[in-house]
Amino acid sequence: MDLVIARPEGLYCPAGDFYIDPWRPVERAVITHAHGDHARGGNQHYLAAAPGEGILRARLGQDIHLQTLPYGERLLHHGVTLSFHPAGHVLGSAQVRLEYGGEVWVASGDYKIEPDGTCAPFEPVRCHTFITESTFGLPIYRWQPQAQVFAEINQWWQANIAAEKASVLFCYSFGKAQRILHGIDASLGPILAHGAVEPLNRVYREAGIRLPPTIYAGEVKKNDPIMRQALIIAPPSAGASTWMRRFGDYSDGFASGWMRLRGTRRRRGVDRGFVLSDHADWPGLLWAIEQTGAERVMVTHGSVAVLVRHLRERGLDAQGFSTEYGDHEEEHTDAAEVPA
Amino acid sequence: MKAFALLYAELDATTSSNAKLAAMQAYFAQAAPQDAAWAVYFLSGGRPRQLVPVRALRELAVTISGLSTWLFEESYQAVGDLAETISLVLPEAAHSSSEGLA
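Residue numbers (our numbering), protein chains in the order written: chain F, 1 to 340; chain V, 1 to 102.
Excised from the complex, chain F in its bound form (with noise of 0.2 Å):
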């Protein structure tokens, strides 16, 4: 029996009576992260890992009917065992295991393998079904370890501080900004946040994360002289907005899987396209979906036919599974970014 089907409404588990991460309103909605895609308004009730907790009422609203189980604590409902595992992907993020009758699903919503310190590291749960995403899924896209890039980002910080320009980095607000301030050197100068990521940067250290003091970018005027040595972290959305007139001369770079491929990274038009995903990457993925030991895969979103057909070819019962996610990591709808 299918513990997971699709639906209109999004992923439903028939024997428990509710949605994973449903894009239409429903009355029980399990959520695995709080990005706009997976975690949407509208639903009755919330059931998510409690470490996500503040990110998904401060997105949804905190008057939310929100529940939460700590990772790895099991829920009995209807007879389906829930629990919540590391996904690695940003604060908060799960799988969601579900057990009945024996069988065992994992749906993974969006997950990443190295640990970055920003969220605790992805945990891979052994089942018989594993509901994967495919974002990157082609052998193409292969990370290197961030430390190596976020030398790169610190050494582009640096350079433009000789040549007196500031440096404003686009990345996406919730998860990718904060993996950034974890990870560059801020002792090289200031770091200037814009209004779509200093809400979540306070979420990130309320739940205890340590990120370097930031400073609202709305604050500093025009010509202050700090521009020219600070590091900008914005949303891409204020790219092309008349908020960057304040900056002056300044160089721009982009943070996110995509700028693996030149193509890519020339259409958006900046200087540096840094290769930093919160996704896996192919032999992450690979990886991941080897640790279940699952026979069986749906994928759900990305490169969904070429995932299915590799693991064909490798002796896995793997389908599709049709779906609304994003399947770009930059493009994320997000309401929150609006230019401030």
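Note that these hints are calculated values from the structure, not bench results.
Note that CB positions come from ideal geometry on N, CA and C, so glycine has one too.
There's no promise every hint is true.
Claimed, not checked - Simulated restraints on C-beta separations: (1) 322(F) x 55(V): 32 to 40 Å; (2) 102(F) x 60(V): 28 to 36 Å; (3) 91(V) x 45(F): 47 to 55 Å; (4) 69(V) x 145(F): 29 to 37 Å; (5) 317(F) x 60(V): 31 to 39 Å; (6) 16(V) x 208(F): 39 to 47 Å; (7) 45(F) x 70(V): 38 to 46 Å; (8) 92(V) x 128(F): 55 to 63 Å; (9) 9(F) x 81(V): 38 to 46 Å; (10) 28(V) x 155(F): 53 to 61 Å; (11) 147(F) x 91(V): 18 to 26 Å; (12) 313(F) x 92(V): 19 to 27 Å; (13) 322(F) x 98(V): 49 to 57 Å; (14) 69(V) x 1(F): 31 to 39 Å.
Using the hints, position chain V against chain F.
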């Protein structure tokens, strides 16, 4: 070759014409004359007659990367450039060479 590769990376890492000019000035100030001549040839769009057929390059890339042919083709479709695709699927090279461009 390394100095030229570095120059290319620098040219590629900025959208500012002044920064590109500065990178080229720095390169040509230190490049050996025979390397500099080749650098001018390449930077102005010159391409030597093809020494290795594209088909051989493709087949080698598939063999060395260990990918199925269809997976290599899917990758090429996503990247849009054969040389870049090959560079992205090959394993990290264990050896390095410091030969000049000429």
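Problem set entry | Violated constraints from the hint list, given by number and in increasing order | Hint check: 2, 8 and 10 fail, others pass.
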